[in-house]
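> Chain by chain, the residues run as shown.
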Amino acid sequence: MKKHLAFLPLLIAGLLLGTFSPAFSGSLDSFKNEKGVLKISGGTAHIPVMKDAAQKIMTANPDIQISIAGGGSGVGIKQVGEGLVDIGNSGRKPTAEEIDRYGLKVHQWAVDGVAPVVNPKNKVSKLTKAQMSDIFAGKIDNWRQLGGENRKINLYTRDEASGTREVFWEKGLDKGNVTAAAHVVVSNGAMKSAVAQDPYGIGYVSVGHIDRTVAPVALDGVLPTIETVRNGSYKVARGLYSNTKGEPTSLAKKFLDFLSTPEGSRIIEEHGFIPLR
Amino acid sequence: MKKLHELVAERLLCLSALASSAITLAILAFLVVMGLPLMRAGGVLPLVYSPWAPFQGSFGIFPMIVGTCAISLASLVLAFPLSLGCSFLIAAVAPSAVSRGFRRLIELMTGIPTVVYGFVGIFLLVPIVRELFRSGSGMSLLTAALVLGIMITPTMTLFFCDSFDRIPKSYLDAAEALGASRTQQLLHVMLPLAKKGMLTGVLLALGRAVGDTLIALMLAGNAVQVPTSVLEPARTLTAHIALVMAADYESPEFRSIFTCGIVLYLFTLTVTFVVRAMGSAKDEAA
Amino acid sequence: MKPCLLERTTVLFAWAAGLLLTAAVAVLFGYLFMHGLEVLNLPLIFGKTPPWRALLLQERVFEGLFPALAGTFMLVLLAICWAIPVGLATGVYLSEYAGPRVRRVLDALFDVLAGVPSIVVGLFGFALAVFLHRHFSERIGPCLLISSLALSILVLPYIIRTTQASLEGLPREIRLTAIALGATKLQNIILVLLPKSLAGVMSGIILAIGRCAEDTAVIMLTGVVASAGLPKSLLSQYEALPFYIFYISSQYTSPEELQQGYGAAIILLLLCALLLLAAYGIRKGLTHLVFYRP
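Residue numbers (the numbering used here), protein chains in the order written: chain B, 1 to 277; chain S, 1001 to 1286; chain W, 2001 to 2294.
Since the hints were derived computationally from the structure, they do not count as laboratory data.
Fair warning: there could be bad hints in the mix.
Below, a list of computed lysine-lysine pairs in the PhoX-like style, where the Cα atoms sit at most 25 Å apart [what the hints assert, rightly or not]:
{"no.": "1", "chain 1": "W", "residue 1": "Lys2048", "chain 2": "B", "residue 2": "Lys56"}
{"no.": "2", "chain 1": "B", "residue 1": "Lys253", "chain 2": "B", "residue 2": "Lys56"}
{"no.": "3", "chain 1": "S", "residue 1": "Lys1003", "chain 2": "W", "residue 2": "Lys2185"}
{"no.": "4", "chain 1": "B", "residue 1": "Lys235", "chain 2": "B", "residue 2": "Lys253"}
{"no.": "5", "chain 1": "B", "residue 1": "Lys139", "chain 2": "B", "residue 2": "Lys152"}
{"no.": "6", "chain 1": "B", "residue 1": "Lys254", "chain 2": "B", "residue 2": "Lys32"}
Between the sequences and the hints, there should be enough to build the whole structure, so can you do that?
Set out below in structure tokens:
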């Protein structure tokens, strides 16, 4: 949690001491007269962007407090539907039934992909879709069968609430079975650090989350990168969504609008996603 | 004749005692009410013995029950001899200065946060287990049980020491007068007399092992399967509750975690009443 | 007379077990300090913000443990505030007023409460939050208030037990002197018995503080989040130190962040160890007895 957020609850104290002069500029102008709390939860692929945006907004206006929690897309959709949070993020489009039931308003702000990843020490760097399905079904269970070391394959998957899991399962594994022997981790961040620490692990993360600690695996000859997602050659792609129950509150709307300002787009690009205008 | 404020005070005290004891029951009531619809739909038993496959509409918690049993029993197997040895050391074997210092250390250990155990476990123990056995990721039943075993050892040791301490000094004096060494007293006088108290300690430590969330959540790998070897990942009931957190309290997934809660609660209830029954049996014998 | 094989084995076994456990603790502390010692400094807590400005709430802390520490502090304070009056009153009632049958029943209930896993208490707290959200106010959800209430339930048995035990442990002479001089029962409790058993009560409270500070399972389900800043009100979500350690352990994004995790673990470890030593300093031998009184 690099971008640790704190805020200033006592604006008055700050004003009295005359040390407080927020620098409002450009994209952040609209937050000038806002105050209050914005609760965000759900999709874990979204978290780095949310945190960065929140930090910028809260630095510019100390009257705003933004709290960010994970949980997964399913949790985000349900919590926003129940009114427990203001914005519920999801890494998959909410289903028609969910939109209908909760009266959700869906707001897509980026395109992302879901990529299979292994430890950088692993020599296996490309797999076919069929091999991938067999690995996750537990039919291929040793790296030797794929030209790697003679070690058991350690599978990592995500919990039921994960949109990343749902997208990967649908488009990467063609809805194939995932064995119950797979380790379960709770977020994109946790998936990345689990695979980064396990030389014999394989899992899947949001393309935006890939860094040098994990190695993406080419699927049917296409290496998942932001470029291959952008040009459409890498097929396991998805949108990143932020959902509100009905029309967003004033603060939530400004937050979502901020994501499509040039400043917002820059943050989204910086974290490895393709911003939508 | 009591004054009014005496009566009021007594009522207030009584009220808070009732309120706080009612919490114990309220927890169970909440769990049952929230979990009821799922149980009613399919009966209680199928939930307990069927597998977890939410995409096929099966919300059984059988793998988690097995996971909890396996991890906590394995930790007990590790912790029991360790605690036995440590309590011997404190009660009879070590010179009194060492004994006192060691007891302090053990008391201190009861305060180590479980999340810290888990944290060190992930970065220190997991790679060791992975490379030592060259099988699996290192996040396994064994890893969690090892750390959990260390975690419950202090509690168990202190309970063992207590039951040694409760042995009347006259018994030990008698043994000493007959020429028994400290070790002989320990083996032939203290150990047989402290058996029941020690069993209490074991049961309460088991309760702690079953109830712990963080160590299993961080170290056991959380796979929803019935593990077939100690090197395989497993999921406990507690970790399952922590993992399946959705706010939609209509969904069957959500209701199933209340079933886990009920199972854990009933387990606590059983342990508590067994321990209490043993305690009162002892009182009658004395 | 030479000790027989069984005795020699016993002695050997005892020393081996003792050494093993000592080694385990040494490794735990050693490993943490080896990795975390160099980050134990003010920037760990305050990031790039000047400490006094952060403490006066004039400037937000990014990249520091300050919000997590402050969250834990507030959480503990609130939970203890809820738990102390109820716990003390219940302890006094059990020891001074309750008849044997009532006491038996209540004792059993508190034994159960002491044994209920913290995640189940957390689940209760979460269910309570959802219930209140649906039936009372839209504004209530998992938050600082709910977390502190749930934590107070978790530590209630600590305070009840220690209060009860130290009252019951008072010698007869102390109990009867004031009564003989004409004091009422209530006066005797407030002016004589409670002050006399203050040490035990205090140690119970300190243990409860330690338990509140370290518990992760309860708060995970009742409102702690990865990123929130200082809580604005009782209904805000918040950050906390043990949850931060848990979160970093699986989702650190850089070596620097992981180091902060080590730093946080050391801080929490020292905090809990100090609290425990303080509790023992005041009165010995109570920690484990919270679970059951033999």
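> Take the hints in turn and mark each one as holding or not.
Tested hints:
1. W/Lys2048 x B/Lys56: Holds. W/Lys2048 to B/Lys56 sits at ~16 Å (cutoff 25 Å).
2. B/Lys253 x B/Lys56: Within the cut-off at roughly 16 Å; holds.
3. S/Lys1003 x W/Lys2185: holds (10 Å)
4. B/Lys235 x B/Lys253: At roughly 31 Å apart (the allowed maximum being 25 Å), B/Lys253 and B/Lys235 break the hint.
5. B/Lys139 x B/Lys152: Roughly 12 Å between the alpha carbons, so the hint for B/Lys139 and B/Lys152 holds.
6. B/Lys254 x B/Lys32: Roughly 11 Å separates the two Cα atoms, so the pair holds.
Consistency note: the structure conflicts with earlier hint 4 alone.
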